[in-house]
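Q: Respectively, the protein sequence lines represent chains U and V. Letter by letter, the first sequence follows residues 1 to 247 of our numbering. Letter by letter, the second sequence follows residues 1 to 129 of our numbering.
Please note: incorrect hints may appear among the correct ones.
Which stretches of chain U does chain V cover? Using the computed rule of at least three CB atoms under 8 Å from a CB of chain V, they are [as the list claims (entries may be wrong)]:
#, segment
1, 10-17
2, 96-104
3, 196-210
4, 220-232
Don't read these hints as lab results, they were simulated from the structure. Every residue, glycine too, gets a C-beta built ideally from N, C-alpha and C.
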Amino acid sequence: MPQETITLEVFRYRPEEDKQSTFQNYDVPYHEHWVVLDAINWIKDNVDGTLSYRWSCRMGVCGSCGMMINGEPKLTCAVFLKDYFPKVIRVEPLVNFPVERDLVIDMDGFMEKLKSVKPWIIRDDTDQMDQEYLQTPSQLAAYKDFSMCINCMLCYSACPVLDGDPEFIGPAALALAHRYNLDSRDKGNEQRQDIMGAEEGVWGCAFVGECTEVCPKNVNPAGAIQQAKIASTKAWYRSVLLPWGKR
Amino acid sequence: MRNPLVRPYPKDWFLRTRAYRLFMLRELTSVCIAGYLVYLIWWLYKFNQVGAEGYEELLSFVRHPVSIGMHTIALIAAVWHSITWFNLTPSVMPMRIGEDKVPDVVISIATGFGPWLVLTGFILWATLG
Ligand code: SF4
Ligand code: FES
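Looking at chain U on its own, in the form it has when it is part of the complex:
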């Protein structure tokens, strides 16, 4: 029996010469156990070495292989050809990001947003950094789910709010901020409040909820943002009602 094939319709953009993007079709050998990333690697190795894309771990850990597969944001190392065969698979770079080249997006904006929420443990006793900060299993459980994010940015492609308001900090970064706010060792709540409580912070979210649907790590960023809305409201009331005392 001749080798069965499946067609990949791949987004191409070459910044040096193209004004617009185009699609290029490739026929790829079909194997039941192949994921979309295997097919793209096969194209790169055998047909077209100029095709650019990001990947690394091949096992849903590094978060670098996110692309739009038939219009839905997916980790290409985690979607199988067999789920689409024999139909054509359309492969595009993640939406809501500028395209650098082919399937590679520009993630500078995302990195800035991540940084803006100070996603690290903030302490006021930095002079005693040699001590241990103990945490009980239930204190860990309070934020553990939100710490599983691999920065794959699928949730940013799923978020229609970012289309209207590119300044919106977005699901992953807000979930990460919430993760540190929930961490019993952290004291940075107040420092994050300005950015979290701003229009482009949690209040930008319309609770569409698709970020949670597409997240490969069950982080539930939509839930994190709603919880942060409650926390931000409480903080605001505290600051208004207790302007003099401890906030």
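Mind docking chain V with the ligands on chain U? Use the hints.
A: Positioned in the frame of chain U, the structure of chain V with the ligands alone reads:
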């Protein structure tokens, strides 16, 4: 050379997945509920004008098939909005006992469906009973 291409977001995004469609449906129910509130305010205003004597006439207006149809639509919208909202509560207000998560259904029932049923029962009992 860097020359990033900015692409438009799909204009039909809200039709693309089931979750998007359900979200839009939930948002649209708010329009029905707002419409009903306008109607209710108008009705109270009228009632205030005509007083007890005109009450029967106002009631016959409410009993008109068009009015009953609109009420039914508003009721379905309100019920749909409430159910989907209560189903989302566990995500918004997760609860833990020590390391263990309180199951989602328990939160939905305790904070949403339970009080909703009790209040609805009470209102039915007070108005019809
Ligand atoms: S929250 Fe989920 S979808 Fe978003 S970047 Fe993190 S792992 Fe990816
Ligand atoms: S290649 Fe690392 S997540 Fe897919």
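Q: Are at least 3 residues of the segment 196-210 of chain U within less than 8 Å of chain V when you compare beta carbons?
A: holds (count 4)
Q: With a C-beta cutoff of 8 Å, work out whether three or more residues of the segment 96-104 of chain U approach chain V closely enough for the coverage to hold.
A: Our answer is that it holds, as 4 residues pass the Cβ test (under 8 Å) against chain V, meeting three.
Q: If you look at each residue in the segment 220-232 of chain U, do at least three have a Cβ nearer than 8 Å to any Cβ of chain V?
A: holds (count 6)
Q: When I compare C-beta atoms, does the segment 10-17 of chain U have three or more residues closer than 8 Å to chain V?
A: holds (count 3)
Of the numbered hints given earlier, the model fails none.
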